[in-house]
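Student: The residues making up each chain are set out below.
There are 2 protein chains.
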Amino acid sequence: MSSQKSNRPIMILLDSLGKRWTLRIMWELRNGPFTFRALQESCDMLSPTTLNARLGDLKALGIIDHQSAGYQLTAKGLELAKVMISLTEWANREINPRARS
Amino acid sequence: MSSQKSNRPIMILLDSLGKRWTLRIMWELRNGPFTFRALQESCDMLSPTTLNARLGDLKALGIIDHQSAGYQLTAKGLELAKVMISLTEWANREINPRARS
DNA sequence: TCGATATGCTACTAATTATGTAGCGTCAAG
DNA sequence: CTTGACGCTACATAATTAGTAGCATATCGA
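Chains A and B, in that order, give the protein sequences. Just so you know, we're using our numbering here: the first sequence kicks off at 3 and counts up by one. Just so you know, we're using our numbering here: the second sequence kicks off at 3 and counts up by one.
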């Protein structure tokens, strides 16, 4: 079962984004399309099984699609990816890489 | 091993946020402090094992702390939680609850 | 002082999810 | 008609998460 069962949009979104690798995949896609295998490589060689599952989630949400150039963010997805710029800024400001747990 | 091994701040952040329940926990904390058990309940009774692990991650990142009133977002955490407002707006605009996968 | 209750949390096993590797089917180029 | 890239599936193993029980501490009122 999925971790959440609510029908509220935010819960559906958090459910997908909260799965391992989902945020990272969106992050990698922020600068243009990737092939399946290129995505794997940029995501630390995550398994094709998991990658395919996450691509399915993201497609179902309309965040990405698959064109001839490869997997890429849709217009909706790009909007969402903008949020990740804020995450990056926050991270650069607030996280000390040397204090890694 | 953690899913990512980079020392870049954004990777450290995505690594934590990408673990199951982390985003949801932050979401629940957006409106004030919760006790451990209240958090469990609001997060669909997730297991104390996992909750404790996530609270540890979030504490290590300085996103939450534990005062007498319970677990709550820090000033840094509140900043980050603001990003989630954007997520909510996006979700309400773009996700159709009836088209659940 | 004695429950009764709430707190945070650990221990342990079972179930779920992810990893790692091999390899298939399709296509296009040479 | 071989070679390479592509998207992806299969399957066994490993890692993560869930589910449940319960402990230790603190607070409260009787």
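Careful: at least some of the hints might be erroneous.
It does not matter which identical chain is meant; a pair holds if it fits inside one copy or across any two.
Pairs of lysine to any residue, SDA-like flavour, derived with a Cα cap of 25 Å [to be verified]: (1) Lys-84 <-> Thr-51; (2) Lys-78 <-> Glu-96; (3) Lys-61 <-> Arg-95; (4) Lys-78 <-> Ser-8; (5) Lys-21 <-> Ala-40.
No wet-lab data here; the hints were simulated from the structure.
Student: Please work out whether the CA atoms of Lys-78 and Glu-96 approach to 25 Å or closer within one copy, between two copies, in both situations, or in neither?
Tutor: between (28 Å within a copy, 7 Å between copies)
Student: Is it within, between, both or neither when you check Lys-84 against Thr-51 at 25 Å Cα-Cα?
Tutor: The answer is neither: 27 Å in one copy and 33 Å across copies each exceed 25 Å.
Student: Cα distance capped at 25 Å. Does Lys-21 pair with Ala-40 within a copy, between copies, both, or neither?
Tutor: Classified as both: same-chain Cα gap 20 Å, cross-chain 23 Å, threshold 25 Å.
Student: Are the CA atoms of Lys-61 and Arg-95 at most 25 Å apart within a copy, between copies, both, or neither?
Tutor: So Lys-61 and Arg-95 pass the 25 Å test across copies only (17 Å; inside, 32 Å).
Student: Tell me, please, which holds for Lys-78 and Ser-8 at an alpha-carbon limit of 25 Å: within, between, both or neither?
Tutor: Within. Shortest intra-copy distance 22 Å satisfies the 25 Å Cα cut-off; inter-copy 28 Å does not.
Comparing the model with each earlier hint shows a violation of hint 1 alone; every other hint is respected.
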